[in-house]
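> Top to bottom, those sequences are chains A and B. Add 7 to the 1-based position in the first sequence for the numbering used here, that's all there is to it. Add 230 to the 1-based position in the second sequence for the numbering used here, that's all there is to it.
Think of the hints as simulated: they come from the structure by calculation, not from any bench. Treat each hint with caution, since some may be false.
[Unchecked claim] So the derived label-pair ranges between C-beta atoms look like this:
#, chain 1, residue 1, chain 2, residue 2, range
1, B, Gln-247, A, Pro-14, 38 to 48 angstroms
2, A, His-26, B, Lys-239, 33 to 43 angstroms
3, B, Ala-330, A, Lys-10, 16 to 26 angstroms
4, B, Thr-344, A, Met-17, 28 to 38 angstroms
5, A, Pro-28, B, Asp-268, 19 to 29 angstroms
6, A, Glu-23, B, Thr-284, 41 to 51 angstroms
7, B, Gln-247, A, His-26, 41 to 51 angstroms
8, B, Pro-291, A, Ala-72, 32 to 42 angstroms
9, B, Gly-233, A, Lys-10, 23 to 33 angstroms
10, A, Glu-18, B, Gly-281, 36 to 46 angstroms
11, B, Ser-248, A, Thr-59, 41 to 51 angstroms
12, A, Glu-22, B, Glu-309, 45 to 55 angstroms
13, B, Glu-309, A, Glu-23, 42 to 52 angstroms
14, A, His-118, B, Thr-344, 34 to 44 angstroms
[To be verified] Here are some, though not all, of the chain B residues that point toward chain A, as calculated from beta-carbon distances under 7 angstroms:
#, residue
15, Phe-320
16, Arg-324
17, Phe-335
18, Pro-337
19, Gly-338
[Unchecked claim] Calculated cross-link-like contacts (lysine-lysine; reagent style DSSO-like; alpha-carbon spacing at most 27 angstroms):
#, chain 1, residue 1, chain 2, residue 2
20, A, Lys-106, B, Lys-239
21, B, Lys-287, B, Lys-300
22, B, Lys-300, A, Lys-106
23, A, Lys-10, B, Lys-287
24, B, Lys-244, B, Lys-287
25, A, Lys-76, A, Lys-10
26, A, Lys-106, A, Lys-76
27, B, Lys-287, B, Lys-301
28, A, Lys-106, B, Lys-301
29, B, Lys-239, B, Lys-300
30, B, Lys-301, B, Lys-239
31, A, Lys-106, A, Lys-10
32, A, Lys-106, B, Lys-287
33, B, Lys-239, B, Lys-287
It should be emphasised that the depicted structure is a prediction, and the values quoted were computed from it without experimental measurement. For glycine and all other residues, C-beta sits at the position ideal for the given N, C-alpha and C.
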Amino acid sequence: DAKTTQPNSMESNEEEPVHLPCNHSTISGTDYIHWYRQLPSQGPEYVIHGLTSNVNNRMASLAIAEDRKSSTLILHRATLRDAAVYYCILGAGGTSYGKLTFGQGTILTVHP
Amino acid sequence: NAGVTQTPKFRVLKTGQSMTLLCAQDMNHEYMYWYRQDPGMGLRLIHYSVGEGTTAKGEVPDGYNVSRLKKQNFLLGLESAAPSQTSVYFCASRTWRGAAYEQYFGPGTRLTVT
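Extracted from the complex, chain B is given alone in its bound form (with noise of 0.2 angstroms):
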């Protein structure tokens, strides 16, 4: 299993210029994730969907849309893309069953918006 993967790694984006982030998961999960990291800080999240067809915003979801048309796709999507949006991005997914199950992380996207 490869677990969850992110597409792409890294990408240099010029202000306004749009891009789409991939998200894919192999476990099955019905939760998916994404959230940014910012120099020296924690995850914060910005978007999440609990179900195939469905999303939710999370604590900073402005400047940001999502989607998830297949279970094990979620996408991130930055219509125009402002200096601020400059992080990592992290996708996590994780089973529904109960509070007490994990979340498994990617490996990050790192966006540069110059």
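Isolated chain A (complex conformation) (with noise of 0.2 angstroms):
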């Protein structure tokens, strides 16, 4: 399976954006990039998905590089709510029934 590598762990400041970037140099041509987001002591949510454009929704931004090596998550406004940890994860298409690998993710805090 192709890896994805993100950062440990970012910090933020209230209503600013936030840009998390993810690392995946093996990414094959059918890979969707996707991005769950974990607050604490829930399940993982979904946040975005793409696959070769950048991608826009009521929660966030995905940048895609040209080559789809890596990508970032965009929050363009960043709240308290949003502290969560953020995975991005790789998902193949075919036959791989739509599991989900996950990293150990990106811890993003947020502060007042």
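Once you've looked at the hints, go ahead and assemble the two chains, each given alone in its own frame, into the complex.
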């Protein structure tokens, strides 16, 4: 399985943008890039996903490098509720049956 | 819709005891998954199912069994609990339609084996 590399932790101030990086140099052409986050004492929740083009939704934006070997999750204005562990995961197509391989993720701390 | 629910929320077992964790989803999803999460770690896949009556092993299946007798339910069993199985267990489900679709997770079951 293709792996991802994320910083262990990052900090931000409330109402400032946050850029969470992810490296995935061994990504294959059919791998989607998924981001999930896990708030304290909760199950993970979906944030966003993309394949080749940048993506926006109500929670965040996903910027994907042209060579697809890295991506960045962008939270436009961090709130205290965004403090969580953020996971960057490659999801293979085909017969993978949607299985996700979680790494250790990035712990995001948001300061008031 | 309740989404994905898990029963029980907490449980303490003694070594050697058995128990079953229940996962239920009301989204008519075909795929269901059981993960475990140890302190400070990411989630690891135990078993998964791609439809009623099917199960398959994930990354860490030893010591666990699963059953999917009904589409909406996915049961995780521990036949003889060990302290190494102390963890938080999460269930998830998703539709079968392609690689892009998201998994929906339950709130977790915190299991302690003494």
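> All the hints need checking, so say for each whether the structure fits it.
So, going through the hints one by one against the coordinates:
Taking 38 to 48 angstroms as the suggested C-beta distance range, the pair Gln-247 of chain B and Pro-14 of chain A conforms, at roughly 41 angstroms. As the Cβ distance of His-26 of chain A to Lys-239 of chain B is approximately 36 angstroms, the hint placing it in 33 to 43 angstroms holds. The hint said 16 to 26 angstroms for the Cβ distance between Ala-330 of chain B and Lys-10 of chain A, and at roughly 20 angstroms that hint holds. Evaluation of the 28 to 38 angstroms hint for Thr-344 of chain B and Met-17 of chain A yields a pass: the beta carbon distance comes to about 37 angstroms.
Our hint of 19 to 29 angstroms for Pro-28 of chain A and Asp-268 of chain B holds, since their Cβ atoms are close to 25 angstroms apart. At roughly 47 angstroms, the beta-carbon separation of Glu-23 of chain A and Thr-284 of chain B lies within the given 41 to 51 angstroms, and the hint holds. At about 47 angstroms, the CB distance of Gln-247 of chain B to His-26 of chain A agrees with the hint of 41 to 51 angstroms. The hinted range of 32 to 42 angstroms is satisfied by Pro-291 of chain B and Ala-72 of chain A, whose Cβ atoms lie roughly 35 angstroms apart.
One distance hint, 23 to 33 angstroms for the beta-carbon pair Gly-233 of chain B and Lys-10 of chain A, holds here, with the actual separation near 30 angstroms. At roughly 44 angstroms, the beta-carbon separation of Glu-18 of chain A and Gly-281 of chain B lies within the given 36 to 46 angstroms, and the hint holds. Distance hint check for Ser-248 of chain B and Thr-59 of chain A: the Cβ-Cβ separation is about 48 angstroms, which falls inside the suggested range of 41 to 51 angstroms. Hint check: Glu-22 of chain A to Glu-309 of chain B, Cβ distance near 51 angstroms, so the stated range 45 to 55 angstroms holds.
Between Glu-309 of chain B and Glu-23 of chain A, the C-beta spacing of about 50 angstroms keeps the proposed range 42 to 52 angstroms intact. About 38 angstroms separates the C-beta atoms of His-118 of chain A and Thr-344 of chain B, a value consistent with the hinted range of 34 to 44 angstroms. Taking 7 angstroms as the C-beta contact cut-off toward chain A, the hint placing Phe-320 of chain B at the interface holds, the least distance being around 5 angstroms. Because the smallest distance between the Cβ of Arg-324 of chain B and any Cβ of chain A comes to about 5 angstroms, under 7 angstroms, the interface hint for this residue holds.
With a least beta-carbon distance of about 3 angstroms to chain A, the hint placing Phe-335 of chain B at the interface is held under the 7 angstroms criterion. Against a cut-off of 7 angstroms between C-beta atoms, the interface hint on Pro-337 of chain B holds, since the closest Cβ of chain A lies about 6 angstroms away. The beta carbon of Gly-338 of chain B is positioned within 7 angstroms of a beta carbon in chain A (closest approach about 5 angstroms), and the interface hint is therefore held. Between Lys-106 of chain A and Lys-239 of chain B the alpha-carbon distance is near 24 angstroms, which keeps this suggested pair within the 27 angstroms criterion.
For the suggested pair Lys-287 of chain B and Lys-300 of chain B, the alpha carbons sit about 18 angstroms apart, so the restraint of at most 27 angstroms is met. The hinted pair formed by Lys-300 of chain B and Lys-106 of chain A meets the criterion: a straight-line CA distance of about 20 angstroms does not exceed 27 angstroms. With a C-alpha separation of about 20 angstroms, the suggested pair Lys-10 of chain A and Lys-287 of chain B falls inside the 27 angstroms cut-off, and the hint holds. A C-alpha spacing of about 25 angstroms is found between Lys-244 of chain B and Lys-287 of chain B, which places the hinted pair at or below 27 angstroms, so the restraint holds.
About 11 angstroms separates the Cα atoms of Lys-76 of chain A and Lys-10 of chain A, which keeps this hinted pair within 27 angstroms; it holds. With a CA separation close to 21 angstroms, the supplied pair Lys-106 of chain A and Lys-76 of chain A stays within the 27 angstroms bound. Note on Lys-287 of chain B and Lys-301 of chain B: the hinted pairing holds, with a Cα-Cα distance of about 18 angstroms set against a maximum of 27 angstroms. This hinted pair checks out: Lys-106 of chain A and Lys-301 of chain B have alpha carbons roughly 18 angstroms apart, not beyond 27 angstroms.
As the CA atoms of Lys-239 of chain B and Lys-300 of chain B are separated by approximately 21 angstroms, the hinted pair is consistent with the 27 angstroms bound. The hinted pair formed by Lys-301 of chain B and Lys-239 of chain B meets the criterion: a straight-line CA distance of about 22 angstroms does not exceed 27 angstroms. Our distance criterion of 27 angstroms between C-alpha atoms is met by Lys-106 of chain A and Lys-10 of chain A, whose separation comes to about 13 angstroms. Using a Cα cut-off of 27 angstroms, the hinted pair Lys-106 of chain A and Lys-287 of chain B holds, with the two alpha carbons roughly 11 angstroms apart.
Taking the CA atoms of Lys-239 of chain B and Lys-287 of chain B, the gap is about 24 angstroms. The hint holds against a cut of 27 angstroms.
This entry satisfies every hint, going by the numbered hints stated previously.
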